Amino acid sequence: MFRPLLALLRRDLTLALRRPQDALTVVGFFVVVVALFPLGIGPDPEFLRSLAPGVLWVAALLAVMLSLERLFSDDYRDGTLEQMLLVPEPLGLLVLTKIFAHWLITGLPLVLISPLLAVQLNLRPEEILILMAALLLGTPILSLIGAIGAALTLGLRGGGVLIALLILPLYAPPLILGAGAVDAVMHGASAQAHLSLLGAMMVFALFATPWATAAAVRIMLD
Amino acid sequence: MSERGIQWFRFTAPANFYDLAGRLIPWFAALTIALFGVGLYMGLVVAPSDYQQGDSYRIIYIHVPTAWMGMFLYVLMAIYAAIGLIWRIKIAEIMAKSIAPTGALFTFLALWTGALWGRPTWGVFWVWDARLTSMLLLLFLYLGYMALHAAIDDRQRASNASAVLAMVGVVNVPIIYFSVHWWNTLHQGASITVTEAPTMAMIMFVTLMIMVLATWVYSIAVVLARARVELLERERTARWVQERLEGERR
Amino acid sequence: MMEFLAMGGYAPYVWGSYLVMAGLLVVEMLQLRFRRRSLMDWIRRMARLRVQEENQ
Chain A
214 MFRPLLALLR RDLTLALRRP QDALTVVGFF VVVVALFPLG IGPDPEFLRS
264 LAPGVLWVAA LLAVMLSLER LFSDDYRDGT LEQMLLVPEP LGLLVLTKIF
314 AHWLITGLPL VLISPLLAVQ LNLRPEEILI LMAALLLGTP ILSLIGAIGA
364 ALTLGLRGGG VLIALLILPL YAPPLILGAG AVDAVMHGAS AQAHLSLLGA
414 MMVFALFATP WATAAAVRIM LD
Chain B
974 MSERGIQWFR FTAPANFYDL AGRLIPWFAA LTIALFGVGL YMGLVVAPSD
1024 YQQGDSYRII YIHVPTAWMG MFLYVLMAIY AAIGLIWRIK IAEIMAKSIA
1074 PTGALFTFLA LWTGALWGRP TWGVFWVWDA RLTSMLLLLF LYLGYMALHA
1124 AIDDRQRASN ASAVLAMVGV VNVPIIYFSV HWWNTLHQGA SITVTEAPTM
1174 AMIMFVTLMI MVLATWVYSI AVVLARARVE LLERERTARW VQERLEGERR
Chain C
100 MMEFLAMGGY APYVWGSYLV MAGLLVVEML QLRFRRRSLM DWIRRMARLR
150 VQEENQ
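Listed in order, the protein sequences are those of chains A, B and C. Going by this note's numbering, 346 is the number at position 133 of the first sequence; the sequence numbering is gapless. Going by this note's numbering, 1180 is the number at position 207 of the second sequence; the sequence numbering is gapless. Going by this note's numbering, 136 is the number at position 37 of the third sequence; the sequence numbering is gapless.
I should point out that these hints are in silico values taken from the structure, not numbers from a laboratory. From a predicted model like this one, the values you see are computed outputs, not experimental measurements. A portion of the hints provided could be inaccurate.
Every beta carbon over 12 angstroms from chain C, so not counted as near; a handful from chain B, in silico [unchecked claim]: (1) I1032; (2) I1033; (3) L1082; (4) R1104; (5) P1147; (6) A1194; (7) R1217.
A few chain B residues that face chain A, going by a derived Cβ cut-off under 7 angstroms, partial list only [said to hold, decoys possible]: (8) A1003; (9) I1052; (10) F1113; (11) A1120; (12) N1133; (13) I1148.
We put the CB at the ideal spot given by N, CA and C, even for glycine.
Excised from the complex, chain A in its bound form:
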């Protein structure tokens, strides 16, 4: 049962490693957006620190969103996606595997690079730790929800802009919880409630969204 899924995971990762520029573009976008903020709002360290959780989260969210279009589009174009409909494994699990691969390629690098940017924005070590934990729990949610939007815009003209409109309102809860976790620590409170809710949301998304994505893929390939 899991062998085909593992094969699919390995295939997606291999393809991504052959074209590392795709993943690097996403990380580059994240870094550049965060770097632009101080230019826009001034270099005052304390002010930047207070804005840092929101800035980092919004930048991460936009970076993930930009990468979504490629989640299914290559497989859609060369017909692989249609082959997946014929495989005996449930489409939901195949989709989940693809999302996991996508997260490893785009979400995880964002988590790993975030401390560097956090230091630039004057976050303290314990806050950086919470930021990474929140991103670790939150970026999978972004990929999972985003996959629905990616599937619904398969093969449409101007799909990229449409994804933004479909998906960004749904990103509000993880954004609030994720940025709120860092904010809480910053103000001397515990981030436990935020992180627990974020974790609960991730588990819910893990079980619910792959089926919605699978339904969307079926509809768009119909």
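Using the hints provided, position chains B and C relative to the given structure of chain A.
Chains B and C alone, transformed into the frame defined by chain A:
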């Protein structure tokens, strides 16, 4: 569409719906005019001004009904979309699509009137209050639904895909509301607390309910009318459309 | 009458709300009526064309 057996369903049922909606619309339209007439008279003339907010509180008479309608119509749209997706009922698909513009309009009006009420009451047009913020996100959900529907050329695929989006959205609406509410209580920086008036004079309450009813019947009338046009567009080559056009003047 | 229109000094806000709502509802209804009419015209035109073809 190889199922010959259900052709009656595709032709006769839409025709019945078309006729039934055509008979209902004038009644709801008349009710709309009557209720808005009474409601506006009571709200703008009869009801006394509020001792704290003066006459600006009269905006509430349209703010609350539009906000309720905006939220309610989204849920209704998702229900119709789900029915259309699961049981393949054309009329449900058409109803879902027809509800969206009216729902978006009411959501926008709720935001607009909320801002105009907020300026004299709080001193600013916009506060990032939990309710206003979730209404804004709801408006984006409506716009996304309509944009997706418009972006897909194939009609069946468009309604199925946007049905999935509507269902995902309706699951998310409470999550969005609670997270925004939570976020708002945590960021109580400004000294703005939005609370409803604890007691409302009877006349104000009655007026508000009349206005709520008025927006209800307005929505029913206009959604049915849009569903009729939508139906005609889909079935413009069907025989029943031709038959009905003979008897109907423009 | 002037007193009614002044709305206790809140005229821009109150009338700004009510008139925008009335205006948008009217626009919605007019747009619907326009859409219906042009669709009806199209259907009628097609029917006429079909009759002409049958007569030829």
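Violating hint indices (sorted, rising): 1, 2, 3, 6, 7, 8 and 9
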